[in-house]
Amino acid sequence: MGGPILAVLVFVFCFQSDISWEASCCAGVATLCAVWWILETLDLAVVGIVPFVAFPVLGVLSASDVAGAYGHSMILLLLGGAFLSAGMEKCGAHRRLALYLVRAVGGSNGRRLVLGVMLATAGLSMWISNTATALMMLPIAMAILSQIEDDHALRTALLLGIAYAASIGGMGTPIGTPPNVLMVGYVQETFGHEVTFFDWMQVTLPIVLVLLPVTWLWITRKLEGAHSIQMPDVGVWRQSEVRVLIIFVVTALAWVFRAAPAGGWSSWIPVTDSDGRSMINDATIALAASLALFIVPAGDKPAEPVRDDSEEAPPRCTERLLDWKATSRVPWGILLMFGGGLALAQGFETSGLSQIVGTQLSRIADQPPWLLMLVLCLVVTFLTEITSGTATTSLLLPVLGGMSIVSGLPYELILYPAAISASCAFMLPVASPPNTIVFATGSLSTQQMARTGLGLNLIAAFLISTVCYFLIPTSDREPAASEAAVPSESQAAGVR
Numbered sequence: 000m001g002g003p004i005l006a007v008l009v010f011v012f013c014f015q016s017d018i019s020w021e022a023s024c025c026a027g028v029a030t031l032c033a034v035w036w037i038l039e040t041l042d043l044a045v046v047g048i049v050p051f052v053a054f055p056v057l058g059v060l061s062a063s064d065v066a067g068a069y070g071h072s073m074i075l076l077l078l079g080g081a082f083l084s085a086g087m088e089k090c091g092a093h094r095r096l097a098l099y100l101v102r103a104v105g106g107s108n109g110r111r112l113v114l115g116v117m118l119a120t121a122g123l124s125m126w127i128s129n130t131a132t133a134l135m136m137l138p139i140a141m142a143i144l145s146q147i148e149d150d151h152a153l154r155t156a157l158l159l160g161i162a163y164a165a166s167i168g169g170m171g172t173p174i175g176t177p178p179n180v181l182m183v184g185y186v187q188e189t190f191g192h193e194v195t196f197f198d199w200m201q202v203t204l205p206i207v208l209v210l211l212p213v214t215w216l217w218i219t220r221k222l223e224g225a226h227s228i229q230m231p232d233v234g235v236w237r238q239s240e241v242r243v244l245i246i247f248v249v250t251a252l253a254w255v256f257r258a259a260p261a262g263g264w265s266s267w268i269p270v271t272d273s274d275g276r277s278m279i280n281d282a283t284i285a286l287a288a289s290l291a292l293f294i295v296p297a298g299d300k301p302a303e304p305v306r307d308d309s310e311e312a313p314p315r316c317t318e319r320l321l322d323w324k325a326t327s328r329v330p331w332g333i334l335l336m337f338g339g340g341l342a343l344a345q346g347f348e349t350s351g352l353s354q355i356v357g358t359q360l361s362r363i364a365d366q367p368p369w370l371l372m373l374v375l376c377l378v379v380t381f382l383t384e385i386t387s388g389t390a391t392t393s394l395l396l397p398v399l400g401g402m403s404i405v406s407g408l409p410y411e412l413i414l415y416p417a418a419i420s421a422s423c424a425f426m427l428p429v430a431s432p433p434n435t436i437v438f439a440t441g442s443l444s445t446q447q448m449a450r451t452g453l454g455l456n457l458i459a460a461f462l463i464s465t466v467c468y469f470l471i472p473t474s475d476r477e478p479a480a481s482e483a484a485v486p487s488e489s490q491a492a493g494v495r
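If you're matching positions, the sequence shown starts at 0 in numbering that gives the first Met the number 0 and goes up one per residue.
It is possible that part of the hints are untrue.
[Said to hold, decoys possible] Computed spacing ranges between beta-carbons, pair by pair: (1) V209 <-> G263: 26 to 32 Å; (2) V209 <-> P296: 41 to 47 Å; (3) Q366 <-> S273: 36 to 42 Å.
Derived by calculation from the structure, the hints in this document are not laboratory data.
No experiment lies behind these values; they were computed from the predicted model shown.
The C-beta atom is built at its ideal place from N, Cα and C for all residues, glycine as well.
From just these sequences and the hints, can you work out the full model?
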């Protein structure tokens, strides 16, 4: 009952402070969602339904407006990405690709082995879920570690490398992890700017390329000696794996080169909306690729039946590259939670609460931009140690967006660091699914993870704030940021 009681108290306080009914109700609903998300009173996906019910009843948004948030193109992009991930998992292409990458780096010594596993993990987690990547890489790592059971330092470094690389790789693309998609959707709705794959990756890819080797050096700094390690055999690629990989590569290239300046192939197709923008977006590409997976035959030769519960044999495709049964791997709950986050953001903007909160926080924006970004990275990083990164991002985006609007500070300098830092929970086993997965092996202690993760949290906050400060292009979009959602005098004052 703590959540509803606190929500009512927040509503009463806001309404008695001459804040409008809509903004006060929005504050109460946001408080309720925050408490339930943080305390995990209900499943995170269930909490995502709250705005859909509460906003129309309280008069904050109409039912059709709220429904638009749950059907946002970014949700369809996330859904398409999940279908691609399910296709790769079903045919086993991701496992063979990971083995190939690990063998390419080599396992002549412990440090190179950890690097190879981290590169494979990060590369895969850019495109498929961090959780699926960690679950797939763990058996590979355990098979390798079975040869050197007495080297506890290597075991610790390898397991931490999988967890950390899965989180770091997820920063690299808009579909790498839900907080990324949330930020892209929020920017599109609030500021009217479409963040393409190229826009995102020109900022985040340098962060990944710097943070990944720094993390490798940090977790392997105590490794000594060399081992003769027998690497698992890659084996022969099956037709289904090759076909899935081709669809995957074509999809990734289509995402990156869809719009200028990286390419702009969508402009070759003469279909535009009333504003002259192409009707094709990243969600179109994702769902087209998903449709291809459902249609294209697997192509594998008939083989002996393989039991579904077999842990030793690789998974085999049946008739198509993807069937509906395999979509049980799709994180449907995350889509609901994502819709709830976008609905909250829409409620913040429509009710004027975003501008009211932004006005109160505008003094903070008077600090030097890099210092502000560093503090923001630290706050989000340590907050996500105890709360869901997706929930944290859902709650912070409308607040930080309002602060950027009121202060005139380019929204990119605030939103990018916040969204990226939501993936930097390296300390606690419960902070992220990859952390939980490697901790469940029983080979790590909470103290080990906390000591290593604390230093990495600080390193990541410094690197993210610094790289974002120097690489985020803002000059050509500052007018859009300052003009977007400019509050009226009544909204800024919050007068009912």
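- Message: So, against the hints stated earlier in the document, which numbers end up violated here?
- Response: none
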